[in-house]
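Colleague: Listed in order, the protein sequences are those of chains W and Z. Its first residue numbered 0, the first sequence is counted upward by one per residue in numbering that gives the first Met the number 0. Its first residue numbered 0, the second sequence is counted upward by one per residue in numbering that gives the first Met the number 0.
Hints are computed from structural coordinates only; laboratory data are not their basis. Owing to the predicted nature of the structure, the values given are computational and were not obtained by experimental measurement. Please note that a few of the clues may not be correct.
Unchecked claim - Not everything, but these chain W residues come out facing chain Z in the computed CB check (under 10 Å):
1. R143
2. R229
3. M232
4. T348
5. D351
6. H463
From the three backbone atoms N, C-alpha and C, an ideal C-beta is built for every residue, glycine too.
Number of protein chains: 2
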Amino acid sequence: MIKLHQTSYIAGDWVSPDGAEFQSKNPVTGETLQTYRSCGPAETEAAMAAAHASFAEYRRCDKDQIVKFLNTVADEIEALGDQLLETADAETGLGLVRLTGERGRTCGQIRAFAAIVDEGHWVQASIDTALPDRSPLPKPDLRRMMIPIGPVVVFGASNFPFAFGSVGGDTASALAAGNPVVVKGHPSHPATSELFAHAMDRAINRTGMPSGLFSLLQGCTNELGGDLVRHEMTQAVGFTGSLAGGRALMDIAAARPRPIPVYAEMGSINPVFIAEDALASRGEEIAAGLVASVTMGTGQFCTSPGVVVTTANTEFEQAFATGLSEAARGVLLNEKIGQSLQAAITAVTSRDDVEWLNPVDISEIEVLTPPNCVLKTTAASFLADQALQEEIFGPVSLIVECDCPAEMRKVAAGLEGNLTATVHATKKDREQLAELVELLEGSVGRVIYNGFPTGVEVCPSQQHGGPYPASSASATTSVGADAMVRFARFVAYQDMPDELLPPALQNSNPYQLLRRLDGVFSDSAIGPDAERA
Amino acid sequence: MIKLHQTSYIAGDWVSPDGAEFQSKNPVTGETLQTYRSCGPAETEAAMAAAHASFAEYRRCDKDQIVKFLNTVADEIEALGDQLLETADAETGLGLVRLTGERGRTCGQIRAFAAIVDEGHWVQASIDTALPDRSPLPKPDLRRMMIPIGPVVVFGASNFPFAFGSVGGDTASALAAGNPVVVKGHPSHPATSELFAHAMDRAINRTGMPSGLFSLLQGCTNELGGDLVRHEMTQAVGFTGSLAGGRALMDIAAARPRPIPVYAEMGSINPVFIAEDALASRGEEIAAGLVASVTMGTGQFCTSPGVVVTTANTEFEQAFATGLSEAARGVLLNEKIGQSLQAAITAVTSRDDVEWLNPVDISEIEVLTPPNCVLKTTAASFLADQALQEEIFGPVSLIVECDCPAEMRKVAAGLEGNLTATVHATKKDREQLAELVELLEGSVGRVIYNGFPTGVEVCPSQQHGGPYPASSASATTSVGADAMVRFARFVAYQDMPDELLPPALQNSNPYQLLRRLDGVFSDSAIGPDAERA
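Only chain W is shown next, with the shape it has when bound in the complex:
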């Protein structure tokens, strides 16, 4: 068992700041847990300076060292054992089964990034050899690859305390790409965050990495987040959370003297379209799947299906409403989320154009154990008021009833950006499908056929990100191999002597990479050039 310091962690030191006190709370029992204090400007400065200083040293590590380090991080997270699961369960109420699965996924993705670093292709090496005799001008030798950018600030998310937490996908991908990371831990689960810092501390020490490579700043203030994004050493930001929070960070980053990218994964309503024949032939089966998907993690998954677009079908509606009413109520992560959800349910259900299909007495709702709600509106109302496209974070889904398939396509065309869109269809429905898929791919990151949006497979072909407001940078993904390239940039070397080039670009191709060689993929070595200097 690790004895918790109840502090922050800056470049190898356990640091007690003197900022505002905050406490984590067990959302299931109401019990108050550990007390922490918020970091302030001094800790931001110390962590960023240490990160900056460690960057040059980390840059000199070869890829085997980075691979070993990442795998050791995963080992050390697993070595935290039941303490991690129990601490996180106490702080989040997510349950040991879910958290055990999330730990597996988290360590799996760290090891997947290690494997990507080991393989080496992620740097996208490209070589154009010289043509010294070309007329009218000789062509230089140009070689290009991705390199890391420097200190990255990551905001731990509340809803995935492991997978998107202090050492979640953003931290792991930034480290894998070669960057130091400073994490702002989520104030809902500070002890969980601290345990990850212990794992990082051990991994850094065991592999001889520079101590500034990782810091964890605990805190409950917006100022701390703002200071980290504004710090001149910060090169990029990773964030998973609310639209309001993500947009605030985007605005701060854009207003810097030197703007930096913010990779924020934010609000998404993940519409599910059910075509007519699918609705008629297996509406109840789809309703059951939706119930499971909506209630997963108490509706706190970023891919939770918040909108269902169908033509009218009473059986489906009833099955969906009954299923959600009968499903066990989950527990929300914290009171802030509970209060926001209650306000949102009150607001939306008071609208004349929204019907609540499985209503409960809202005055009796326990803020942390909300009802699983299904609402209904018309396509016309949905299209007329963008407020109905705002994410309601929790186990709530809105049926958008359409007159006909053409109106469903109108709804598809009117959607804002989303992480996912789903289509349920049968072969009979396919005629109308091409156009629907085309409309949906225009505004989402992932189109799912006959499935459900929750459950984000970690694999190279995953795309977790979508047009704003789903994410701040729709071309990028926060899950999968390409998450690393968010924290890298290209550099080209012109006529550089071989020994000054990074290994990925050297003549001998020591990593045996498939490189673009004069435009064509090749794993060949290149004959030694004439000595240039």
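Following the hints, position chain Z against chain W.
Modeller: Frame of chain W, contents of chain Z only:
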């Protein structure tokens, strides 16, 4: 000969707006040329609506059609013949030789993008096949590739009226990636821009493309640019120009309800480091190369070497100063640039810590034919005042004199973002070189060894972009194959029936692409999956 309409061009129509009048002027003769009027909100709306409407139709074109279209654009630009060269020469004073070369480069890069579209790899197709029997959860089939984003706004640049003009690299890469483009033509050369619109008009008609695919809005107001960036249909912006201009567009884009990316290539001083032995053994040769590089295009190249970092060496300084004094004076593009340059020279040469090595009487300077200036300061001054790192757009270079190689590295560490950095060295210098290159690659997009920064080879390994203020998005390039990915984003398809997938992701691999197949590069087709619906 094409009869000029002296208008804008919106989706196939020649449109006369009623905004502010402006005229192009021959910078060599002073002659006033054609008169145009500025577009306003109505033209912005019309062009963006047409672009948006054309997007769906353009999306349905297969890659052969896009390839044919792009090659036809290049053909039609060439078919403009001498009229294009003469018109551009009259409006820019760049000379027929340079413009002939730039036309070749411009058509070459359009055809290069056509070849990239034809090859098909740029979409980065990746397929992870399903594992339906995986425990505890089945793995879905996921397939991912890049798709276009929609209407792109491009700002034509003054300094490369062809290569970064109305149908320059930004326009060509956006079209190649599958997007409609609305161009704001540069007010310095409206007739040149109009000729490109004629070429586009012919290419669009000859290949049956939708007319909204290209519009050219002429204008001399900042409002027009702002309106285009603010328009809700606009998905991304391409810009080459001043830091002030680029930053203004970045700020507008970041403040939108739905922020969009601005790919701005802006200020860069392109430092040239000359190591001690190189300076001693071939200082005069390097000075001669610098003279040619500084005066190229009257110093109006984005990669013009504005700073030279060396240890003290009187012979080199004299050779550089004499060479620049003796070099023919070029002509600037327009009076605005001339006035800014004169103000900048006056300001910097009035500093106590800056010496002007080849001074002339500034009161006698013709604003459009500036002197080729070499200035000198100390490393201490340079490091103490960031104002000395501001780009002076014109044939001006500042020697930063260092005490020793260690101080040169200090200067390298203190640099802001740049497009390029150059190192001149001999074998004897190499000992100190690794660290210098490491420092420089941290703040630039391209590191050049024993060469000169001007001359940006168009090839897949080119990187034209660098950390801010050199560009707004340092991970991207505005020259080379990857310029296209700025105007695309990833989308993933989960369990999608084969016939609903784009060809690049279909089982049969109709484009014979090298795809990531379960993580490994492969050009294999995939056996038909079990029918899913």
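Colleague: Hint by hint, say whether it matches the structure.
Modeller: Verification of the supplied hints:
With a cut of 10 Å, the hint placing R143(W) at the interface with chain Z holds, because the nearest CB-to-CB distance is about 4 Å. Given the 10 Å rule on beta carbons, the hint for R229(W) is violated: about 15 Å separates it from the nearest Cβ of chain Z. Checking M232(W) against chain Z by beta carbon gives a least distance of about 12 Å; that is not within 10 Å, so the hint is violated. At a threshold of 10 Å, the smallest CB-CB gap from T348(W) to chain Z is about 26 Å, leaving the interface hint violated.
The criterion of a C-beta within 10 Å of any C-beta in chain Z is not met by D351(W), whose closest approach is roughly 26 Å, and the hint is violated. At about 8 Å, the closest approach between the beta carbon of H463(W) and any beta carbon in chain Z falls short of 10 Å, and the interface hint on this residue holds.
The structure does not agree with the numbered hints 2, 3, 4 and 5 stated previously, though it agrees with the rest.
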